[in-house]
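Work the whole structure out from these sequences, hints included.
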Amino acid sequence: MIFFSETKFNFCGDEYIFAEISREMKIESTLKALSITKELSKRNIPGITEIYPNNTSYLVRYDPNIISPHHLLDYLRDVDRMKNEQESLKVDAKIIEIPILYDDVETRKVSLQYSQHHGESEESNFDYVMKLGGFKSKEEVIKRHSDPLYLVTAIGFKPGTAWCFPLTVSKDEMIEVPKYKSPRPFTPERAVGLGGVFSVVYPSDSPGSYQLIGRSAVPVYDVYQRLAPFRESFVLAKPGDLWKYRPVSKAEYQNIREEVINGTYEYKMKPVSFSAAKYDELGVEYIEQLKEEFDR
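According to the numbering used here, the residues represented by the sequence shown are 1 to 296, in order.
Hints in this document: simulated from the structure, not taken from any laboratory.
One or more hints might be untrue.
Below, simulated BS3-like cross-link-like pairs (lysine-lysine); rule was C-alpha separation at most 25 Å, straight line [unchecked claim]: (1) Lys270 with Lys138; (2) Lys90 with Lys38; (3) Lys244 with Lys94; (4) Lys171 with Lys131; (5) Lys171 with Lys143; (6) Lys131 with Lys181; (7) Lys90 with Lys270; (8) Lys179 with Lys26; (9) Lys138 with Lys26; (10) Lys42 with Lys238; (11) Lys26 with Lys291; (12) Lys270 with Lys38; (13) Lys171 with Lys38; (14) Lys244 with Lys278; (15) Lys250 with Lys136; (16) Lys171 with Lys278; (17) Lys143 with Lys244.
Rendered as structure tokens:
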């Protein structure tokens, strides 16, 4: 059974209310935040102009000339109480496969250049992650990272950056690494990064501070909307989606890249209804069921 502590609401300036469901990262808090923000969007409340879900919180922007902050706060509290029932916490989303070439040449080169320039180490980010986690081989790192399903808990930093949290992985088993003390000036698009326990795929070339461990063969952001998943949005992920990272060889990576460039690549994805009640009751068994259904 899921129990929520009282949500903390705070006014932020003249146009925002911030709601913190929990300070600690919890999947049930993420699902509650997603469920509340979808409910608010569906109701189309006059005066609400924007809604931003985050890992375990959400932010609402409103027009004080249309709705008073205190009336809105009362409304948010009512919806919050309604979403305390775990049976109501279901997110309609999709499972998406992300093929990854781990420890690729480009991200290894970028991370080595940064490390050597700053005098921090003579090892790549991948080697650092392997050493810090006590892994004995490259294959162990890849297996640990690619085995779980990941929940997209938020979109942020840059358009298309999906923050992904591993499901049904104990804290002792999670890969957890620190971010850089100061950011890299350059990170290649589609680089796979680790920061804390979160995984991301960089949507475009940019600065960055996450430890780089590989590169996605497929884009997660496309302003040209060349592939089918981008026809309705520039961004591949939505909060609540589930991502499955799949290791690929150099040859398969190159084949996928050619298909992407030619516009013929088809993402492997399936719709899913992710249930907080089933996740709480069944845990690993529930996630394995979702993975098996996805692989059929």
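These are the hints, each one checked on the structure:
no.: 1; hint: Lys270 with Lys138; result: violated, 30 Å
no.: 2; hint: Lys90 with Lys38; result: holds, 11 Å
no.: 3; hint: Lys244 with Lys94; result: holds, 11 Å
no.: 4; hint: Lys171 with Lys131; result: holds, 18 Å
no.: 5; hint: Lys171 with Lys143; result: holds, 16 Å
no.: 6; hint: Lys131 with Lys181; result: holds, 18 Å
no.: 7; hint: Lys90 with Lys270; result: holds, 16 Å
no.: 8; hint: Lys179 with Lys26; result: holds, 21 Å
no.: 9; hint: Lys138 with Lys26; result: violated, 29 Å
no.: 10; hint: Lys42 with Lys238; result: holds, 16 Å
no.: 11; hint: Lys26 with Lys291; result: holds, 21 Å
no.: 12; hint: Lys270 with Lys38; result: holds, 20 Å
no.: 13; hint: Lys171 with Lys38; result: violated, 29 Å
no.: 14; hint: Lys244 with Lys278; result: holds, 19 Å
no.: 15; hint: Lys250 with Lys136; result: holds, 22 Å
no.: 16; hint: Lys171 with Lys278; result: holds, 21 Å
no.: 17; hint: Lys143 with Lys244; result: holds, 12 Å
When held up to the earlier numbered hints, the structure conflicts with 1, 9, 13 and fits the remainder.
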